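As you go down the protein sequences, you meet chains A and B in turn. According to this note's numbering, the first sequence is numbered sequentially starting from 591. According to this note's numbering, the second sequence is numbered sequentially starting from 591.
Worth flagging that the hints you see were computed from the coordinates, not collected in a lab. All values reported here derive from a predicted model rather than from experimental measurement. A few of these clues could be false.
In silico DSS-like cross-links for lysine-lysine, where the CA-CA straight-line distance does not exceed 30 Å [what the hints assert, rightly or not]:
hint, chain 1, residue 1, chain 2, residue 2
1, A, 669, B, 780
2, A, 598, B, 888
3, A, 669, B, 877
4, B, 669, A, 719
5, B, 706, A, 669
6, B, 669, A, 651
7, B, 598, A, 651
Protein chains: 2
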Amino acid sequence: MDQELVRKYAEFVVRVGVNVQPRQTLIIRCPVEQAPIARICAQVGFEAGAKDVVVRYEDEKLTRIRYEQGAEADLTSHKPSALRAWLDYAEDPDGCCLLALRGADPQIFEGLDVEKVNRVALAGRLFMKPWQEYTMKDRIQWCIAALPCPAWAAKVFPELPPEEGVERLWEAIFKVCRVDPDTDPVENWKAHVEKLTRCANALNEYHLDRLHFTSGNGTDLWIGLAQDARWEAAQSRAENGAVFIANIPTEEVYTAPHRLRVEGKVYGTKPYVYNGQLIEGFWVEFKEGRVVSHGAAKNDDLLAQLLESDENACRIGEVALVPASSPVNRSGLLFYDTLFDENAACHIAFGDGYPGTVAGGNDMTPEQLLEKGVNASAVHEDVMIGAGDTDITGFTADGREIPIFRQGEWVLQ
Amino acid sequence: MDQELVRKYAEFVVRVGVNVQPRQTLIIRCPVEQAPIARICAQVGFEAGAKDVVVRYEDEKLTRIRYEQGAEADLTSHKPSALRAWLDYAEDPDGCCLLALRGADPQIFEGLDVEKVNRVALAGRLFMKPWQEYTMKDRIQWCIAALPCPAWAAKVFPELPPEEGVERLWEAIFKVCRVDPDTDPVENWKAHVEKLTRCANALNEYHLDRLHFTSGNGTDLWIGLAQDARWEAAQSRAENGAVFIANIPTEEVYTAPHRLRVEGKVYGTKPYVYNGQLIEGFWVEFKEGRVVSHGAAKNDDLLAQLLESDENACRIGEVALVPASSPVNRSGLLFYDTLFDENAACHIAFGDGYPGTVAGGNDMTPEQLLEKGVNASAVHEDVMIGAGDTDITGFTADGREIPIFRQGEWVLQ
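Excised from the complex, chain A in its bound form (with noise of 0.2 Å):
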């Protein structure tokens, strides 16, 4: 790949996504073939004040491993200390903020026992919720940005040699992260996130109480608003006010479903990864915000297991608005990660709600989110339900109709 643009790549995703603040720590998550970029990452987060930079590696094929060898209840038990190494950097007086880079091959799971993968990783999630919380509210500045690894590569391109493939996979994110030779990054997103919020901010301002989703594959879908929810876009702010964009790329506008007022049946528009196995042509209906039937193409059992992970991974807790002329969706990839597929169409998130998409969210108990309607799991799982054909229509308590999206597009005034 092209060394120069890597560089920006990373210059971008320390100084604007994850945004580090002097004297904070920050934590790099990395698969462990990527070391060379995690050391650039180190290099600027350093000359961006950070006092230290912890890396994390990260080794899937060592995790298969693990899981193909290894008992379940071995696997489900976790040493105390292995959490509070993470928390110790979010209570430091200075601070952390965290990168999680990530490439992944998309089955690398495939053919292990998909039950026993789906516990142990759901165990691992519970154990870590405490640390989680620090980014899932927002309390810490976070960024998830991808690199391109072979197995990847090779799902996106399969017609290509690997080494091909991996370059062109380069290629494909530093487009949709608006990454290129000729125009800054960073300028190039101040752009995006005004007009993102710009969105984000219209729809606050309807004070919308639910929403119709329809599109020509049969979806008809009501899904009701949490109580004073929030449309929130692009950038997020940390506790300590540092603003900071937590998915690189984002194109989506979305705010906090009500957990028991979702109506009706989607269908997804496009494989959607869990647990590193791809689930196809998958279906679900909604009633009082519960899923009560669904079906897939391929792996329905796993879509099963989704949605049994605890009581209410079979509601949902995010919806998010992205029109199909998304730089994602515009370069025609199939990229087999929600991070990027997430961004080419409208979803909506199995499992746990965001508190900072209820007014005032972050600082409320479990127990308030709930009451407002903000669900609550252990999972946070995205599903691409958009289309080009997809019509959104907003409605508020007192039955005004807000166009939204029309054939795929941001209609807003």
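Given the structure of chain A, go ahead and fit chain B onto it with the hints provided.
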């Protein structure tokens, strides 16, 4: 490299080197570039009955960036959880063992502020001391083994292109570690361990009081031994009774000098890599156990810092006998890595002694060990003092002379 031999090497280091026991957690420290080999070791570890395999990837290039960019106060401040994470494994009722795979650029820290690097490294060792006691006292099984990396290979084979150098270094490692296509390394090592153990046993029967080293380079060194010093070799036994080989390769028979009873002058016979930098052509002079003067053709100031690391870094904690005919020496290579080079020549270690090298030492308090004459320090740095013309004579307390080495070779009866 030959994948079959790599697998054989991995089998050997996991099953014989660290000798993982059923239900233990196998902890693997591994350079980030060597993930494929860590995974092979993980697989073997599970096959040998490990309940889990934890891989801690280490990144010396990132460490260099941190040393360059971080402030000393930040680099020497450690979170308690970082130690706790290791102790949690040691205290697990099922136990743990440690396989440390390493392959470092011998000059990774060249050009950095040497004093800062050493102080930061020292603070790290002090912080980790409670964990390190598990290995220094053989409370758990542990094993250090090497993997080639391009920067290391370039140092050993400066005339070769990088890939060929790595290939040649693999071949050299396989050879000096007795791993070859036609024989079983497990059997090879059984015979080798038996031979070293016979030498150690023979030395133990003499209950020696002191050693006298001489060689043509001017070395004339008297090393008094600790009270109840015991000669050890090759194989160690952990608290759980499992035997292991702490260093692969190992050619040494070693014991505890008396920290107050070393006299005379000794010349280094191989360059020595300290914290990523080379000390070459050094000599030291002892009086009453302390180094009272020293010099080096290269990096004498680094040697000075090593000796001043703490109060007792200027005393020696180990003396080890290695014949000039050892495979490492016969390879004709300078490995620029103590793990190998110490097995080409007799050596002494500045700093900490091994409690297990005095009778009953692993159960003694620090005060009791000092009383026996075993040195205590945060450093343990082996430097090579043996050559093809080294003579070593032992003396019992009543003045009986025992020839041990003549012209660099064992002559014990």
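Status of each hint after checking the structure:
| no. | hint | verdict |
| --- | --- | --- |
| 1 | 669(A) x 780(B) | 37 Å, violated |
| 2 | 598(A) x 888(B) | 41 Å, violated |
| 3 | 669(A) x 877(B) | 49 Å, violated |
| 4 | 669(B) x 719(A) | 20 Å, holds |
| 5 | 706(B) x 669(A) | 34 Å, violated |
| 6 | 669(B) x 651(A) | 29 Å, holds |
| 7 | 598(B) x 651(A) | 21 Å, holds |
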